[in-house]
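> The residues making up each chain are set out below.
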Amino acid sequence: MASVYIFLILAPLIAVVLIVFARFSLLFLKKIDEGEKEGKLLRERQKEIVESMVEGLVAHTVDGRILMVNEAAENFLNVQFVDVKGKKISEIDNPSQLLRAVFTPMEDRKELAFSFKDGLGQELFYQIIQVPLSQKRGEILKIIRDVSRVKYLDRMKNEYITMMSHKILTPLTNIKWAAGILSGDNLDGPKKQGSIKNITDNANKLIEFTSHLLNITEIEDGLFGYKFEKTDIAELAEEIIKNYQQEAFERGIKILIDDPKKNFYFVKGDKNRLSVAMANYIDNAVKYSPDGGQVEVSFHQDKYTLWFAVKDGGVGVSPESAGSLFTKFFRDKRAKAVHTEGTGAGLFIVKNIIEKHGGKVGYDPIKKGGSIFYFTLPVYKEEK
Amino acid sequence: MAKLIIIEDDPFLLSILAEKLKEAGFGIETAIDGEDGLDKIKAGNFDLVLLDMVLPKIDGFKILEELRGGKLKKIPVIILSNLYDKNNIDKAILLGAKEYIVKAYNTPEEIVLKIKSFLNKEGIK
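In order, the protein sequence lines correspond to chains S and D.
Quick note on numbering: my numbering labels position 280 of the first sequence as 280, and the sequence is numbered without any gaps.
Quick note on numbering: my numbering labels position 32 of the second sequence as 32, and the sequence is numbered without any gaps.
For reference, chain D alone in the conformation it holds in the complex (with noise of 0.2 Å):
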């Protein structure tokens, strides 16, 4: 069973993905600012990051260049964020984003079948 983190600063969609995810089988595991966020992937074992991009204390460009600096480089990043002008998702990309999401354009159904795809995409159970 993979082991996923959310870092999302709205806690009704935080619940409902952090739900859905779970009824798909992940381990959940939740952070509400880019702080927390961090502090939980150094300490974790995730198999993926689901990031959004505008959070309190750290946002989420900074936790990306925080895990491509660091040991936990490996770790894929999928953004769920509604930013979603060219330049912030070219610069997510750049940072070593793998997936860019935007939540409104989604239901959180959708999103966990894209999530399953990707990681069966990746070769992660």
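Extracted from the complex, chain S is given alone in its bound form (with noise of 0.2 Å):
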């Protein structure tokens, strides 16, 4: 009887501990699933992130065997994971420049720089950076970055300052030997009127030069103000003519303009600015005009566009370099080859006036040689 009672007081005491125990293992089996689950998405998060990085990541131990392979050092190293898992540079068919690269010894050094020419010829940069993964495990990785558009725009700048430095000292080279000249003795008339306007031109050059660049400084600020009035096209391409007759005699240059008072060609622009866009059209048109040759300067317009247009019987311009002429410092091979100094700013300075008015630039080729450059500008309306 006694062991009944016993058991009566006992049992529901068991029941609650066993309830208790059950509910506290239902909560420890749920902590461990959940930390399963944030182990796993942990997991799944570095891979993606892995995956989803630009560098190239390559595993592999000590002696060579590829643990791992991320998307981009597949696309850098020409493989798949798949194929390469656990193998040795040797034991691969056909490895790539890159790939027997990530495996050359880099003994202490922790970085390695590596070039080749892909098949289209053009020169590529990797930066090959190791890094020790485990050394418990005798682990390496090896990290892949494509450095190819930094060295291309480090050329790009080294280039820039050698061409800068070059139109900068021919100018003033000139000025340096002519006032030497103007310093000696026995000087005649034409000698010094000679050394005084060729300090006067190059100084000019140097000036024209400063003033290209600022501006291209000033359009890429968005600093390049603008003061928009009613503007006569014509009347302002005579302005500029006149600028321009005394070379163009000199060389025999005719410059043909058609009859300007024949119409009105008003836009709403700014007079200085857009002086500068047909001054450089028509500057350009002379200086590579051969000597006895012809410049023509038409206008056209209808309802709602305006057509300038400067037509020269030059070198015209290769047809490979038609897409980039309006490109800043660009400068075709046909120009280079006629006139060795020019800054290649003036068409991209004509390009962003001509856009900022709302027109377009354009150039045509002529099949007999020569060129003709052209601009449209909406014509003016009187505001109501």
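Because the hints were derived from the structure by calculation, they are not lab data.
Honestly, I wouldn't trust all of these hints.
[What the hints assert, rightly or not] Keeping only pairs whose Cα atoms sit at most 30 Å apart, straight-line, the calculated DSSO-like set for lysine-lysine is: (1) S:K368 <-> S:K242; (2) D:K22 <-> D:K40; (3) D:K3 <-> S:K176; (4) S:K176 <-> D:K20; (5) D:K42 <-> D:K125; (6) S:K368 <-> S:K356; (7) D:K20 <-> S:K191; (8) S:K192 <-> D:K3; (9) S:K333 <-> D:K98; (10) S:K333 <-> D:K22; (11) D:K62 <-> S:K328; (12) S:K157 <-> D:K62; (13) D:K71 <-> D:K3; (14) D:K20 <-> S:K336; (15) S:K268 <-> S:K242; (16) D:K91 <-> D:K125; (17) S:K205 <-> D:K71; (18) S:K176 <-> D:K91; (19) S:K205 <-> D:K57; (20) D:K57 <-> S:K336; (21) S:K205 <-> D:K86; (22) S:K157 <-> S:K367; (23) S:K117 <-> D:K91; (24) S:K136 <-> S:K110; (25) D:K62 <-> D:K121; (26) D:K86 <-> S:K110; (27) D:K57 <-> S:K287; (28) S:K47 <-> S:K87; (29) S:K157 <-> D:K22; (30) S:K367 <-> D:K62; (31) S:K117 <-> D:K86.
Fit chain to chain and form the complex, with the hints in mind.
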């Protein structure tokens, strides 16, 4: 009977203990499950991060067996991970140059620079960084960075500085040598005048060059200001052409202009900026025309659009350069062959000025030789 | 009297150099672009070529290549240029140029002295 009482007393206690134990067990199992889920999620995230990296990652053992290759590395190295998993470089068929570079012994070096030419002859640059992954397991991680773009920009910058230095040094040499002549004895009249003219011309070249550079900086910084007003394009062209008549006369070049009085060619524009654009076209046409050649300046308009065009019989433009003419500092090889000195900034400035006025710039080749450079502008509308 | 050709597209610099070198007793021929310069080198019998690098029609590097590959490779070439970055200097020297003189850093008189010194060193009179 006593054992029945004991059972009756203990049974609820045992039941409670069992229930509490069961609950804690469930909670514990849930925690383990959540931990596993979190761990799995973390691993998935890590995998996604590794796969979405722009840097190539290759993990391998100390003796060179491949453990992991991410997607970027697959692209860089032209391999699929499944094909190279567990293999050494010597066991891979036709490994790419970059893959061989990745497995070049780096010894104590942490970085390796590597470059090669692709099938199209374009030079590609890579940086390979070595990081010990696990010294205990003897694993190494190689990070592959494509630095071709950085190298390209670096080379462009250097070429740009070289070009700028040359463009500055040549007029300065002229000024220096001319000043040397002026400081000499027994100077005859023509020699003196020639030296003074040379100093003036070259100082002007430097001023023009500096002005181009400043214009470009202002355009790129959005500081190239405009004052829009009713402007007669034909009148502007007449004014500009006056400045080129002397040079044209000396070289036997005829500058022809459509009768500017037969029509009004009004646009809403900044007179100074439009003068810069038009002068650039006319200057190029005169500069690149052969002696005894002809430059034609013409206008045309319909209800909405005005066309301004300058035609010359000069060297023209290489067909492959037509698309790059209005790019900053671009100079076509034909232009360079005629005039070695030129900033390559003029047409870029023209394009920016005209587009700011809602117009477009363009170029048409002439089969017999020469070019037509034109721009369009919206015609002036009286504001109501 | 050594015979020199100056290939230089800047008419003012060309005229001064030619004048100073004539005064120094050299026989001088001039060319204002690369094409004319190369033709004259081939036609003439020069002891020294003074060559600018940035030239119309054919640039100085192409002229050096042409000279190196042909019968004229023994004619010494001195570069007179305002391209003075290491890449271009190395490239010109690699293509066979004997010396590289930066115009802006020298007066015409200094250039004449350098040319005289070079010719003496080479035993050209």
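> Given the hinted pair S:K192 and D:K3, is their alpha-carbon gap at most 30 Å?
With Cα atoms ~29 Å apart, S:K192 and D:K3 stay inside 30 Å; holds.
> Does the alpha-carbon distance linking S:K268 and S:K242 stay inside the 30 Å limit?
Since the Cα atoms of S:K268 and S:K242 sit roughly 23 Å apart, the hinted pair holds (cutoff 30 Å).
> Is S:K333 close enough to D:K22, meaning Cα to Cα at most 30 Å?
Violated - the C-alpha atoms of D:K22 and S:K333 are around 34 Å apart, more than 30 Å.
> Mind checking the alpha carbons of D:K71 and D:K3 for me, to see if they're no more than 30 Å apart?
18 Å, holds
> Need the status of pair S:K205, D:K86: alpha-carbon distance at most 30 Å?
Roughly 26 Å between the alpha carbons, so the hint for S:K205 and D:K86 holds.
> With a cut-off of 30 Å on the C-alpha distance, tell me whether S:K368 and S:K356 pass.
33 Å, violated
> Between S:K157 and D:K62, is the straight-line Cα distance small enough, at 30 Å or below?
24 Å, holds
> So if I understand the rule, the pair passes when the alpha-carbon distance is 30 Å or less; does D:K42 with D:K125 pass?
21 Å, holds
> Does S:K176 sit within 30 Å of D:K3, going by the straight-line distance between their CA atoms?
Measuring from Cα to Cα gives roughly 27 Å; hence the hint holds.
> Hey, S:K47 versus S:K87, does the alpha-carbon distance stay inside 30 Å?
21 Å, holds
> Are D:K57 and S:K287 close enough, with their CA atoms no more than 30 Å apart?
Distance of about 16 Å is within 30 Å: holds.
> Given the hinted pair S:K367 and D:K62, is their alpha-carbon gap at most 30 Å?
It holds: about 29 Å lies between the C-alpha atoms, which stays within 30 Å.
Checked against the numbered hints given earlier, the structure breaks hints 6, 10, 17, 22, 29 and satisfies all the rest.
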